[in-house]
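The listed protein sequences correspond, in order, to chains V and W.
For the first sequence, the numbering used here begins at 1068 and goes up steadily by one.
For the second sequence, the numbering used here begins at 6 and goes up steadily by one.
Treat the hints as calculated values from the structure; they're not laboratory data.
Among these hints, one or two may not hold up.
Interface residues of chain V toward chain W, partial, derived using beta-carbon atoms under 8 Å [as the list claims (entries may be wrong)]:
no., residue
1, Ser1118
2, Pro1299
3, Ser1397
Quick list of simulated restraints, FRET-style, between CB atoms [said to hold, decoys possible]:
no., chain 1, residue 1, chain 2, residue 2, range
4, V, Arg1379, W, Lys296, 32 to 38 Å
5, W, Lys309, V, Glu1371, 23 to 29 Å
6, W, Phe173, V, Asp1310, 54 to 60 Å
7, V, Asp1310, W, Glu293, 27 to 33 Å
8, W, Leu319, V, Met1344, 41 to 47 Å
9, W, Ala235, V, Phe1277, 26 to 32 Å
10, W, Asn62, V, Asp1372, 34 to 40 Å
11, V, Tyr1333, W, His255, 19 to 25 Å
12, V, Gly1342, W, Arg52, 51 to 57 Å
13, V, Glu1149, W, Val41, 23 to 29 Å
14, W, Lys296, V, Met1344, 41 to 47 Å
15, W, Tyr202, V, Glu1157, 20 to 26 Å
Each residue gets a CB set at the ideal place from its N, CA and C atoms; glycine is no exception.
Residue-level listing of the chains:
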Amino acid sequence: MAEPKIKYDRQLRIWGEKGQAALEKASICLLNCGPTGSETLKNLVLGGIGSITVIDGSKVEVGDLGNNFMELNDAVKAKFIEEYPDALIETNPSFFSQFTLVIATQLGEDSMVKLDRICREANVKLIFARSYGLTGFVRISLKVCVLTLKLVIEMFSPSWHSGKHYVNLQKIYQAKAESDVLVIEQRVRNILKKIGRDPDSISKTSIRTFCKNARKLTICRYRLIEDEFNSPIQPELQKYLTDEDYSLAVGFYILLRAVDRFAANYNSFPGQFDGEMDEDISRLKTTAVGLLSDLGCNGLTLTEDLINEMCRFGAAELHAVAAFIGGIASQEVIKLITKQFVPMCGTFIFNGIDHKSQLLSL
Amino acid sequence: MDRIEVSNLNRQFLFRLQDVGKPKAEVAAKRVMERVSGVNIVPHFCRIEDKDLDFYNDFSIIVLGLDSIEARSYINAVACSFLEYDSEENPQEETIKPMVDGGTEGFKGHARVIMPGVTPCFECTIWLFPPQVKFPLCTLAETPRTAAHCIEYAHLIKWDEVHSGKTFDPDDPEHMKWVYSEAVKRAELFGIPGVTYSLTQGVVKNIIPAIASTNAIISAACALETLKIASGCSKTLSNYLTYNGVEGLHTKVTEFARDKDCLVCGPGVLIELDTSVTLQKFIDLLEEHPKLLISKASVTHRGKSLYMQAPPVLEEMTRSNLSLPLFDIMDKTAKDIVHVTGTTINKGTKTSCLRKLRVVFKGIDGVTDMDTAGGA
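Same shape as in the complex, but just chain V:
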């Protein structure tokens, strides 16, 4: 085993030992270990995530995967369960409550909605990732995320030419910060007493860290997937549909949802089988128009080009796209676990045609 301090040197410079400890303590569940899932997991295993549990129903791959991942980093504990994620969501919802975070890849809409409810209730962080042809999405879902960001304040102003004054000023600031911590600590103890909790249940170190980073305190909130799917925020949706910068991304958003409806109706994804292309194109168009009307956008349609393109994708999970989506997903997982950087809000829609990807707040 390599000396962790040296092995992780390049990332410790970003999130420090505290961030690394949080990663090493985390327990992650991955649903479906195809290209998108394994690309997500790879980045977390390399970074030293504590433990992973992989749920995948397809037989052959799982065994190989175990070896491959463990070879990457022997400090990570891993467990492989051969089961279909959809079935697990249906039959054993309490299974998910043991994890810090669940990464759900390549799930259909129904399972997404169900898993979202399960994780919210169990207070487990959840992130969805899906690759589909040259498009895909990443979406975080959790109740609320409170972060204390790592602060980097440096003063390199050339007018500060006298080092001594600068250092004296630093000392004044330090003394003030210290006295502030004492004031806050007193208040925290009083509040704890008032609400009937042990006044010492929040440590002085935690209070000090909180004060140090209070200037950059951030709160992120996420809508339930079900709410977004059934009643997207109308002004935002209208804006995206009419704004040229968003037209491709929102088109893909609608179509990524339409293909699941399509699959529910026709038992295959559009363009998945040769010879049915023309029929699939018109079916997908009808499905998309229907979905748009359900979302309150009557009479709207998407361009022929985009519908053709979506059918051309044929539900393929292209590896380079899966690597991009998996990269984004793992980055957000790291942010949610280290709690020093602001995670993304909204749904990230990947546009692999010209890379004009967008975040949609629906």
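Fit chain W to the known structure of chain V by using the hints.
Positioned in the frame of chain V, the structure of chain W alone reads:
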């Protein structure tokens, strides 16, 4: 030319602990070929400047995983050197060598596609890479304010004072420990907090923080663009993607414009010569030319080495050309492209460079004033 280090293992799925010390190119090639059947990868454990132009010309696309401005600049000049323009100054499609470039730092990264002659080359947008911040020496010597100032004082000033003549080796742990302990003393003297061994290494070696996920995002974007160029399955990124994941998630595509006067991806600096000018005279001229300032030049024409500074065998073989008229050794061609490699001074430091030149001989049939008008 890199070898695997322990600190590479946090973001590499091709390298294992037992590979530390081995050449990156060789291990990576071996691992990929073990995993993917039918793929053939030839590793080259050498400096990028060690390969001649013909080597690079054999590839359809060049993908850059480079870590410095200098290296990018060099390969960019190589790819642009193949570019030829037609009589209407339009790039000839079959001579365009596409490049895909990517880079990361912490939670940020970029990916770009360069189609020489069509989209801006690396040199057209060199201003995107601001020079590194260097601390003024007077600050280090007299008024340090930060931990980094103390470290740089120990590294740049104190080391030379104490070890006269001995060069500092950042890879020698004893040297690094010495700088660290001196920096600590300095910091104590001025009451400055924050000097750690890790920071000392970071400042002295200019370590760029790196994580697997950002690298995955950027390399995926590069791989996707390369696949699209090779297969034509979709349009490509035009032409510069930035990713920033520090606060939320931001991706942005910028369409940068070419620099019409670019010395690297333009038609080439025009040089008019008399037919009597010898190769030696030509090489001397390159050193004085205000746009070039190339010293120790090696010259190639249509893949043929006219004069090579190194290796010694080639130098000896081509030395006799120096006294011959360039016109004669270029097979009496009235005008043609000549490639020159050598060193040039860039912002005070010597760097390898490659330039494409349009050499035109005066008074030869077929060359009219029209051809040379609007040139250099």
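Comparing the hints with the structure gives:
With a cut of 8 Å, the hint placing Ser1118 (chain V) at the interface with chain W is violated, because the nearest CB-to-CB distance is about 17 Å. Using the Cβ-Cβ criterion of 8 Å, the hint placing Pro1299 (chain V) at the interface with chain W is not satisfied: the shortest such distance is roughly 19 Å. Annotation: interface hint on Ser1397 (chain V) holds; nearest CB of chain W at approximately 4 Å, less than 8 Å. Remark: the range hint 32 to 38 Å for Arg1379 (chain V) to Lys296 (chain W) is contradicted by a beta-carbon distance near 49 Å.
Between Lys309 (chain W) and Glu1371 (chain V) the Cβ separation comes to about 54 Å, which falls outside the hinted range of 23 to 29 Å. Against the hinted window of 54 to 60 Å, the Cβ-Cβ separation of Phe173 (chain W) and Asp1310 (chain V) comes to about 55 Å, which satisfies the hint. Asp1310 (chain V) and Glu293 (chain W) have their C-beta atoms about 56 Å apart, which leaves the hinted 27 to 33 Å range violated. Between Leu319 (chain W) and Met1344 (chain V) the beta carbon distance is about 58 Å. The supplied range of 41 to 47 Å is therefore violated.
Checked against the hint of 26 to 32 Å, the pair Ala235 (chain W) and Phe1277 (chain V) fails, with Cβ atoms roughly 52 Å apart. The hinted window of 34 to 40 Å between Asn62 (chain W) and Asp1372 (chain V) holds, with their beta carbons roughly 37 Å apart. Distance hint check: the CB atoms of Tyr1333 (chain V) and His255 (chain W) are about 38 Å apart, inconsistent with the given range 19 to 25 Å. For Gly1342 (chain V) paired with Arg52 (chain W), a C-beta distance near 53 Å keeps the hint of 51 to 57 Å intact.
Distance hint for Glu1149 (chain V) and Val41 (chain W): a CB-CB separation of about 25 Å, consistent with the stated range 23 to 29 Å. For the pair Lys296 (chain W) and Met1344 (chain V), the beta carbons lie near 56 Å from each other, so the given range of 41 to 47 Å is not met. The given range of 20 to 26 Å is broken by Tyr202 (chain W) and Glu1157 (chain V), whose C-beta atoms sit roughly 53 Å from each other.
Violated hints for the displayed structure, listed by number in ascending order: 1, 2, 4, 5, 7, 8, 9, 11, 14 and 15.
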